[in-house]
Amino acid sequence: MNNVFVYLEIDEGVVADVSLELLTKGRSLANQLGCKLEAIAAGDKLDSIEKQVFPYGVDVLHVFYDSRLSPYTTLPHTSILVNLFKQEKPQICLMGATIIGRDLGPRVSSALGSGLTADCTSLEIGNHEEKKLGKVYENLLYQIRPAFGGNIVAWIVNPDHRPQMATVREGVMKKEIYDPNYKGEIVEHAVSDYVKDTDFVVSIIDRHIEKSKINIKNSPIIVSGGYGVGSKENFQLLYDLADLLGAEVGASRAAVDAGFAEHERQIGQTGVTVHPKVYIACGISGQIQHIAGMQDSSLIISINNDPNAPINSIADYVITGEIEKVIPKMIKYYKKNSK
Amino acid sequence: MTFNIIVLAKQVPDTRNVGKDAMKADGTVNRAALPAIFNPEDLNALEQALEIKDQYPGSKITVLTMGPGRAADILREGLFRGADDGVLLTDRAFAGADTLATSYALSMAIRKIGNFDIIISGRQAIDGDTAQVGPQVAEKLGIPQVTYAEEILNIGDGKVRVKRRLENGVEIVESPLPAVVTVNGTARPCRPRNAKLLQKYKHAKTITERQNENIDYIDIYSSRPYLNLTEWSVVDVNADVQQCGLSGSPTKVKKIENVVFQAKESKRLTDNDYDIEELIKELIENHMIG
Ligand SMILES: Cc1cc2nc3c(=O)[nH]c(=O)nc-3n(C[C@H](O)[C@H](O)[C@H](O)COP(=O)(O)OP(=O)(O)OC[C@H]3O[C@@H](n4cnc5c(N)ncnc54)[C@H](O)[C@@H]3O)c2cc1C
Ligand SMILES: Nc1ncnc2c1ncn2[C@@H]1O[C@H](COP(=O)(O)O)[C@@H](O)[C@H]1O
Numbered sequence: 011m012n013n014v015f016v017y018l019e020i021d022e023g024v025v026a027d028v029s030l031e032l033l034t035k036g037r038s039l040a041n042q043l044g045c046k047l048e049a050i051a052a053g054d055k056l057d058s059i060e061k062q063v064f065p066y067g068v069d070v071l072h073v074f075y076d077s078r079l080s081p082y083t084t085l086p087h088t089s090i091l092v093n094l095f096k097q098e099k100p101q102i103c104l105m106g107a108t109i110i111g112r113d114l115g116p117r118v119s120s121a122l123g124s125g126l127t128a129d130c131t132s133l134e135i136g137n138h139e140e141k142k143l144g145k146v147y148e149n150l151l152y153q154i155r156p157a158f159g160g161n162i163v164a165w166i167v168n169p170d171h172r173p174q175m176a177t178v179r180e181g182v183m184k185k186e187i188y189d190p191n192y193k194g195e196i197v198e199h200a201v202s203d204y205v206k207d208t209d210f211v212v213s214i215i216d217r218h219i220e221k222s223k224i225n226i227k228n229s230p231i232i233v234s235g236g237y238g239v240g241s242k243e244n245f246q247l248l249y250d251l252a253d254l255l256g257a258e259v260g261a262s263r264a265a266v267d268a269g270f271a272e273h274e275r276q277i278g279q280t281g282v283t284v285h286p287k288v289y290i291a292c293g294i295s296g297q298i299q300h301i302a303g304m305q306d307s308s309l310i311i312s313i314n315n316d317p318n319a320p321i322n323s324i325a326d327y328v329i330t331g332e333i334e335k336v337i338p339k340m341i342k343y344y345k346k347n348s349k
Numbered sequence: 045m046t047f048n049i050i051v052l053a054k055q056v057p058d059t060r061n062v063g064k065d066a067m068k069a070d071g072t073v074n075r076a077a078l079p080a081i082f083n084p085e086d087l088n089a090l091e092q093a094l095e096i097k098d099q100y101p102g103s104k105i106t107v108l109t110m111g112p113g114r115a116a117d118i119l120r121e122g123l124f125r126g127a128d129d130g131v132l133l134t135d136r137a138f139a140g141a142d143t144l145a146t147s148y149a150l151s152m153a154i155r156k157i158g159n160f161d162i163i164i165s166g167r168q169a170i171d172g173d174t175a176q177v178g179p180q181v182a183e184k185l186g187i188p189q190v191t192y193a194e195e196i197l198n199i200g201d202g203k204v205r206v207k208r209r210l211e212n213g214v215e216i217v218e219s220p221l222p223a224v225v226t227v228n229g230t231a232r233p234c235r236p237r238n239a240k241l242l243q244k245y246k247h248a249k250t251i252t253e254r255q256n257e258n259i260d261y262i263d264i265y266s267s268r269p270y271l272n273l274t275e276w277s278v279v280d281v282n283a284d285v286q287q288c289g290l291s292g293s294p295t296k297v298k299k300i301e302n303v304v305f306q307a308k309e310s311k312r313l314t315d316n317d318y319d320i321e322e323l324i325k326e327l328i329e330n331h332m333i334g
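Same order as they appear, the protein sequences are chains A and B. Just so you know, the first sequence maps onto residues 11 to 349 in the numbering used here. Just so you know, the second sequence maps onto residues 45 to 334 in the numbering used here.
Source of the hints: derived by calculation from the structure; they are not laboratory data. Be careful, since some hints might not be right.
[What the hints assert, rightly or not] Taking lysine-lysine and the BS3-like style, the derived pairs with C-alpha atoms no more than 30 Å apart in a straight line are:
{"no.": "1", "chain 1": "B", "residue 1": "Lys-296", "chain 2": "A", "residue 2": "Lys-221"}
{"no.": "2", "chain 1": "B", "residue 1": "Lys-308", "chain 2": "A", "residue 2": "Lys-185"}
{"no.": "3", "chain 1": "A", "residue 1": "Lys-184", "chain 2": "B", "residue 2": "Lys-308"}
{"no.": "4", "chain 1": "B", "residue 1": "Lys-298", "chain 2": "A", "residue 2": "Lys-46"}
{"no.": "5", "chain 1": "A", "residue 1": "Lys-339", "chain 2": "B", "residue 2": "Lys-296"}
{"no.": "6", "chain 1": "B", "residue 1": "Lys-207", "chain 2": "A", "residue 2": "Lys-335"}
{"no.": "7", "chain 1": "A", "residue 1": "Lys-335", "chain 2": "B", "residue 2": "Lys-311"}
{"no.": "8", "chain 1": "B", "residue 1": "Lys-299", "chain 2": "A", "residue 2": "Lys-342"}
{"no.": "9", "chain 1": "A", "residue 1": "Lys-145", "chain 2": "B", "residue 2": "Lys-207"}
{"no.": "10", "chain 1": "A", "residue 1": "Lys-184", "chain 2": "B", "residue 2": "Lys-207"}
{"no.": "11", "chain 1": "A", "residue 1": "Lys-346", "chain 2": "B", "residue 2": "Lys-325"}
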């Protein structure tokens, strides 16, 4: 009762990274609260799920096996969560801020009358005082997220309703094995106790999924280009440098909107969040929404012809100059100095 | 075949064009400094509705919005673009609503409208980027939802077929009607259907607007009923006040912070050869690259 729950997104028997990241976060919240971490797996091909999730510190894995539950559709997954939560009364429920999580989360929150905060960038435990009521709520979940186009950060709490629900984007939390030998309990549920046949009224007629070849999230070095790169042709300079360094190419939204780079490369609040060892920002001004997705890079290099570009204030190295000139020199001196 | 379509549209501050004066000294947002616009993805939603009407003339589009009195602008814009009717849900008791209280209020208004085949909303509103209201309305009405829609491919025989845009692909789904469909920004942009509608509906007003502006051309408003924009309160839609506005909102804002980034001590370099070579050498030596 009153534990922390994470909904697992599963594709072809593999748990999504975002879910593992949430398990890591969920484990640390559960430790702070002195409660258990529980996970929900619904779909088919669930044989190896426990092997994948127990090392992240899952105490209880709820399994709902039914081939009709995969691919995901809204209503049956909603019924599973709503009915399970009525029994288990979680205090917290976390989901990925993915197409699935953002389809499922609001539906479940509406059915349970509980609050949901989308796209949190940080989750913490703390107390909350309602001054008007003279009441202190202990150990609430602070759901921290940018609001208003990223111009402010809001701290949201749900004092009176459970579960406290939040979605988080992929890459925002860190995924970390808790204990490779950790063993939890598996609870298999009869799907028909939770889901009605009428929940299957929406049918998937056709589906085309392409595995993305671009993997900026896990790249240790990112060469990222903004509107200042100027053209799709100039972006080639970034690819040349990236190839040499074994890096991936990222982009700002302005560069993506201008068609210089693919949407999957967008970094920031409405793109991917990255934490590379080295981030080279080329012709990026550094608006809040971009910085939100890369500020945790270990080392930031900014190349910009404007010495006062906002990104420079968070950069470790600032090169003032034109990218057309600077990048070829970086390529030249890298070739010269690396063996 | 004709369809009754409800489009959910919200008036939002244009957060994409936030200037310096949009933030007050105390770190809060100065909403007054931001232009109020038709939420962009709600225009994509309206377009999908208009396309159904193009295909099935005689279908009726009602734009429903909840907001303060000035949100009547959204209804007029909807009419200019080809909608047939508009409803403004407005009441002090709705103020401070989070997504759950908003969806409750909207669902009560939809029940009052009553006769509908499909509800089309935007995927998300740019003031909160939550994407919750559509699915929450669907749940409150007990009907299916199709989110992230890019195109309504087909409607009829009590069913709707929709193309959805996923993270890395597309999916085509079929749902029974009535249903809620939420539309992505990648869907077709909204094209006004007839410039003459602008003239026709220019003076469409809610009763409150007529009172505030002292417009008393009673004859016009009685002889041209389409100029009367419907305005409903909590009582009009039989809503439970406890479930509306701030009191119906499980989420509370604990605090708001201005975004400040920790400025670093940065090393300044020029673009000359010496500076660049030294930097590269340093990075290689520290095993940052190479
Ligand atoms: C709700 C919302 C979400 C958003 N989400 C994101 C997001 O996820 N990611 C994102 O990136 N943005 C996002 N944005 C947009 C963001 O606010 C900025 O508009 C965007 O990041 C600007 O991109 P930029 O720095 O490439 O372009 P600009 O701001 O135009 O900056 C170009 C820079 O290039 C420099 N420059 C020009 N020519 C050269 C040259 N020859 N050599 C070197 N430097 C040069 C200029 O000095 C300038 O600093 C979002 C905005 C909103 C409202
Ligand atoms: N106050 C409102 N009035 C009418 N429609 C709304 C309102 N709030 C949200 N919506 C609809 O719900 C969608 C998602 O909104 P949100 O959950 O706030 O991101 C919007 O694109 C609108 O179509």
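We went through each hint and held it up to the structure:
no.	hint	verdict
1	B:Lys-296 to A:Lys-221	violated, 39 Å
2	B:Lys-308 to A:Lys-185	holds, 27 Å
3	A:Lys-184 to B:Lys-308	holds, 23 Å
4	B:Lys-298 to A:Lys-46	holds, 26 Å
5	A:Lys-339 to B:Lys-296	violated, 53 Å
6	B:Lys-207 to A:Lys-335	violated, 45 Å
7	A:Lys-335 to B:Lys-311	holds, 19 Å
8	B:Lys-299 to A:Lys-342	violated, 50 Å
9	A:Lys-145 to B:Lys-207	violated, 49 Å
10	A:Lys-184 to B:Lys-207	violated, 33 Å
11	A:Lys-346 to B:Lys-325	holds, 10 Å
Checked against the numbered hints given earlier, this structure breaks hints 1, 5, 6, 8, 9 and 10; the rest are met.
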